[in-house]
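Under this note's numbering, the first residue of the sequence shown carries the number 173, and numbering increases by one thereafter.
Hints were generated in silico from the structure; no laboratory data involved.
Predicted model, so just to flag it, every value in this text is computed and none were measured.
Be a bit skeptical, because a hint or two may be false.
[As the list claims (entries may be wrong)] For lysine-lysine, the following BS3-like pairs were computed, each having C-alpha atoms within a straight-line distance of at most 30 angstroms: (1) K241 with K184; (2) K301 with K260; (3) K179 with K337; (4) K264 with K241; (5) K337 with K371; (6) K264 with K301; (7) K241 with K301; (8) K289 with K301; (9) K289 with K371; (10) K371 with K179; (11) K330 with K181; (12) K442 with K371; (13) K264 with K181; (14) K289 with K260; (15) K442 with K181; (16) K184 with K442.
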Amino acid sequence: MGAFLEKPKTDKFNEHGEGNGLRYGVSSMQGWRCEMEDAHMASTNLGEGLEDWNYFAVFDGHAGVKVSKLCAQNLLNCIIQTEEFRDKDIIKGIHSGFLQLDERMRNIPELASGDDKSGTTAVCTFISKDQIYIANCGDSRAVLCRNGAPIFSTQDHKPILPGEKQRIQNAGGSVMIQRVNGSLAVSRALGDYDYKSSKELGQCEQLVSPEPEIFVQDRHAEDEFLVLACDGIWDVMSNQNVCNFVHSRLSITDNLEEIANQVVDTCLHKGSRDNMSIIIITFPGAPQPTPEGIAAEEELDNNLRKTIKGCYKRIKFRSKSI
């Protein structure tokens with residue numbers, strides 16, 4: 173969980189697609205961690221009756237990859253098959269889907285026996301033609317950018333938040349070194365059944381809760397993009413930093429995989445030691461590449477090449493002089 177490699181694994185997994193007027197790009201990297209525990213899901217067609225809906229999710233696993241992978245494979249279907257979702261009560265459907273999946277996974281043999289103690293955060297979005305539904309459980313984060321500025325962000329579920337701390341204490345636990353019982357750095361997660369063992373408490377009253385916070389944003393013509401990412405990104409870049417970065421790169425390229433890769437590389441160089449996963453989803457109002465932006469980028473690249481070439485020549489000259 174806390175172990176690191178001697179050098180980071182920088183190979184990236186990429187994915188991209190489009191549908192219903194949206195485009196998306198994914199980048200994920202193992203980085204310094206000994207295991208890649210992140211998972212994600214992207215779908216631009218949710219099936220019959222939901223053809224104009226889109227779904228995206230990022231899962232940041234810990235203590236293993238099993239739960240994050242199970243959530244990537246099953247959370248969408250758990251939600252859209254709920255009675256509430258089918259009845260168009262989207263918020264209740266998302267809420268029920270999270271809780272149902274957490275209960276179902278508890279019965280998987282490796283998780284039921286305690287042989288596998290993994291858990292995962294989850295941040296996901298359902299996007300219709302009129303609205304953006306965002307659900308968060310843990311410290312992965314969603315940020316919506318409109319007119320070049322972050323106008324909405326989910327709140328990370330950390331044990332030090334007053335409401336979270338109160339629930340933990342009510343469940344007989346404590347918050348030490350900003351962690352649940354001095355161990356787990358998030359106060360809400362799927363899985364983590366060692367922290368959900370009290371038979372006297374309800375599902376959402378345990379030391380660690382699987383309950384998502386759910387938000388709704390009406391779509392606007394000025395919406396540019398939505399970013400879903402794990403804390404390996406947000407630990408070293410603020411909401412504003414990420415919005416500025418993506419906004420500026422969109423004036424140079426429409427390759428969302430490339431932009432997502434650049435965010436991940438930037439976070440690695442800024443010192444992120446965690447797995448990193450990011451999904452960038454653009455709306456019709458996103459900036460488009462401009463001749464001026466492309467020309468400025470080419471000029472910058474040329475200047476950098478000249479500078480590097482000059483440095484190399486000076487180093488080579490000094491080496492010969494010694």
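Hints that the structure is at odds with (numbers, increasing): 3, 8, 10, 12, 13 and 14
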